[in-house]
Amino acid sequence: MTLLSGIVLLGLLMLHAFTSSQGQEANLLHKAALVKQLRLTDLCLFTEARYTRHLSQADLNTAFQDHPLSMEHFPSGSFTQPNLPGITR
Amino acid sequence: MNVWIEKQRYIIDFTISSLMRRKVKNIGLLVLYTLIVFILASTMFFTYAIKREAAFILEGSPEIVVQNLVAGRHDLLPVSYLEEIKSIRGVANVESRLWGYFYDSLVGANYTLMTPPQNQDSHKNQGKTTVVENDNGDPHANHEAHALFEYEGALLESGTLIIGNGVARMRGIGKDDYMPFMAADGQIMNMKIVGKLSSVSELVSSDLILMSEADLRKLFGISPDKVTDAIVTVRNPSEIQTVAGKIKKRIHSARPIIRDEILRTYSSIFNWRGGMMIVIFSAAVLAFVIFAWDKASGLSAGERQEIGILKAVGWETGDVIQMKFWEGAIVSLSAFLGGVILAYIHVFFTGSAIFEPALEGWSNLYPNFTLTPFINAEQLTTLFFLTVIPYTVATIVPTWRAATIDPDSAMRHTGG
Amino acid sequence: MIELMNVRKVFNAGKPSEFSAVNGVSLHIPENKVTVLKGPSGSGKTTLLSIVGCMSRPSAGRVKLKEREITSLPERFLTDIRRSTFGFIFQQPNLIKGITVLENVMLPAYPLGEKRSHLKARAHRGLSELSLTGKAASKVEWLSGGEAQRVSIVRALINNPSIIIADEPTAHLDTKLSYRFMEIVEKFKAEGKTVIITSHDPLVYESKMIDKVVNLRDGKIEENPT
Ligand SMILES: Nc1ncnc2c1ncn2[C@@H]1O[C@H](COP(=O)(O)OP(=O)(O)OP(=O)(O)O)[C@@H](O)[C@H]1O
Ligand SMILES: [Mg+2]
Chain C
369 MTLLSGIVLL
379 GLLMLHAFTS
389 SQGQEANLLH
399 KAALVKQLRL
409 TDLCLFTEAR
419 YTRHLSQADL
429 NTAFQDHPLS
439 MEHFPSGSFT
449 QPNLPGITR
Chain L
3 MNVWIEKQRY
13 IIDFTISSLM
23 RRKVKNIGLL
33 VLYTLIVFIL
43 ASTMFFTYAI
53 KREAAFILEG
63 SPEIVVQNLV
73 AGRHDLLPVS
83 YLEEIKSIRG
93 VANVESRLWG
103 YFYDSLVGAN
113 YTLMTPPQNQ
123 DSHKNQGKTT
133 VVENDNGDPH
143 ANHEAHALFE
153 YEGALLESGT
163 LIIGNGVARM
173 RGIGKDDYMP
183 FMAADGQIMN
193 MKIVGKLSSV
203 SELVSSDLIL
213 MSEADLRKLF
223 GISPDKVTDA
233 IVTVRNPSEI
243 QTVAGKIKKR
253 IHSARPIIRD
263 EILRTYSSIF
273 NWRGGMMIVI
283 FSAAVLAFVI
293 FAWDKASGLS
303 AGERQEIGIL
313 KAVGWETGDV
323 IQMKFWEGAI
333 VSLSAFLGGV
343 ILAYIHVFFT
353 GSAIFEPALE
363 GWSNLYPNFT
373 LTPFINAEQL
383 TTLFFLTVIP
393 YTVATIVPTW
403 RAATIDPDSA
413 MRHTGG
Chain F
7 MIELMNVRKV
17 FNAGKPSEFS
27 AVNGVSLHIP
37 ENKVTVLKGP
47 SGSGKTTLLS
57 IVGCMSRPSA
67 GRVKLKEREI
77 TSLPERFLTD
87 IRRSTFGFIF
97 QQPNLIKGIT
107 VLENVMLPAY
117 PLGEKRSHLK
127 ARAHRGLSEL
137 SLTGKAASKV
147 EWLSGGEAQR
157 VSIVRALINN
167 PSIIIADEPT
177 AHLDTKLSYR
187 FMEIVEKFKA
197 EGKTVIITSH
207 DPLVYESKMI
217 DKVVNLRDGK
227 IEENPT
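Chains as they are written, first to last, in our numbering: chain C, 369 to 457; chain L, 3 to 418; chain F, 7 to 232.
A few of these clues could be false.
If you anchor each label on the Cβ, the simulated ranges turn out as follows [as the list claims (entries may be wrong)]: (1) C:Q390 - L:V109: 36 to 42 angstroms; (2) L:T244 - C:G379: 45 to 51 angstroms; (3) L:V72 - C:Q390: 45 to 51 angstroms.
No lab work stands behind these hints, which were simulated from the structure alone.
Computed from a predicted model, the values in this text were never measured in an experiment.
C-beta: ideal position from N, C-alpha, C; glycine also.
Just chain C, same shape as in the assembly (with noise of 0.2 angstroms):
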């Protein structure tokens, strides 16, 4: 009985998911036109230094983007990978 109220409480959720993420497309449309408008390259996810603000703009003799699996100076840069053109997944 309660698998059965689990499996829809999940198929509840998904709903949500499907019209949240509808609902939401006015706020994904909002965010994307103000990276348009003021010209945006980043998420702003992780703000202590200036090679984890701007991910894609940081430069490539930067000290985590040695390896991907370094777990370097901060955290977040474990979660990220380099930029580099050759990688690709």
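Based on these hints, arrange chains L and F with the ligands on the given structure of chain C.
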């Protein structure tokens, strides 16, 4: 068929009551298992949602950003380069950007200061290009001429700021408050806040402070013949790569960054291969393996005795295996559902509260954003198969051995 | 009804601990009668009973149930026969802990997939016959020894077996409850069931309703017990 269904119902009922019997052990197991699914699903939801969101909102980012590299570092770009780039075939437009970082020692946060491009309609007279408007060396004269930038009714003029929501939150300030800066020449600039960027847009604007070009130059001491970087619009989008190559060829110190690279940066963020992710992932997998192994390694004495009794009263080995199947299925399904539901709530309702400390890192300013719940059905299915199936199998495997338990063992055991 | 022909049971064959618990027993168990297997501890009573009840296979010899050879049947069929023909009352009540009395009683019928309301009604009737109505919803841990035994009797009867096998049913009962048990056995007999009991309790094997007493010693039948 009816008989079969009824039989399964009986077996499920019995399974549930036998799970309830070893309450502490089974609930402990379920909690641990749910936690693993929760961590995996949270990472999955968060990662996927942020990637989708980044891909969507950064679609409008500049086609090409041109940096000037000096000794391997990002340096200011001479204004003269702009004209040079503009003369390259295929370039439709070149704009300059003026931005930089500011460390606020009061709250220990880094802000991104930038000059917004002027509204298109406010300077039609300059034609398509909005570039070199300050080379007369007297920015003020220019600024008074036309309103610079308007954001939701707030007019950005010299001496005023429009701040991101994160900045407002950090400093506890808002519209009509003043924010003092010490300029490069030691002068104090007391700037008035005239507007705030929407909180909805925090994911891209949290740490921004917009100010007029003249103010920014004064604050950082940037001479009028330098800008931070240039952004290039290309006539034919399919030529972005070629144009970037031409720019590099023409200006040797230039580093063009094309939009694809920006998008790629964010499509690779939070990858499974990334350091922290691999730690989380392997820890979860390890825990799961240990625990499946523990399950598969055998039946407890109590379970053996119980199976003996069941066989003695007329259950077949097949019935016992079905019971164990349901046991595995119920536990793993509950864990899967529980974990996924909690993860969904965690990521999309609480804004990934648990991940926040890790994401924040050492930064004091962290954007407050709610992600759009993009769900990848494929990932969810993968997670389902990775959790439910192995566990159920691991539960059934030792019961093959139950086949070797003679029903007459029930006649032998002592006690109870 | 049941025919044993030269049945042997060897445990741990081929190992140093090899032990022959039943040595060539030939025995006829008549239908609708009460048969008692009697003998000292370790004489092989339980072992023989489990062979009769299709719970284990003899190492040698043959067992016939209603003229049908069952020694060589695959396990599926044995289970089927066990479920439909035999009701077991074990030396210990062997109830499953943590679930209710009612669930315990219904357990042997689960694989049959019978309609729930029918099964429940049958279980309740069985419980009320042994005055256990009030205990249906209790957990088995809370039962007294005699109650637990009675629950195991109800469980043995749930599939309406024609043969009832009881291993030392009075071992854990006081005199009064033992007499009560013999009354129940008498009722089985009246209903036309075949009963096989092992016991070394005189109260059982000297009872007047017993039709046949078989003496076992060291896994063999003693023809002339002293
Ligand atoms: N699985 C087994 N492996 C080895 N020996 C066994 C096994 N089962 C029973 N035995 C031995 O077989 C002999 C007969 O056992 P059984 O349980 O049939 O005796 P019993 O007559 O029922 O005794 P009691 O009256 O004490 O219940 C015993 O010596 C016992 O140790
Ligand atoms: Mg015995």
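Results for each hint:
Under the hint 36 to 42 angstroms, the C-beta atoms of C:Q390 and L:V109, about 37 angstroms apart, fit the expected range. For the hinted restraint 45 to 51 angstroms between L:T244 and C:G379, the CB-CB distance of approximately 49 angstroms keeps it satisfied. Look at L:V72 against C:Q390: about 48 angstroms separates their beta carbons, and that is inside 45 to 51 angstroms.
Of the numbered hints given earlier, the model fails none.
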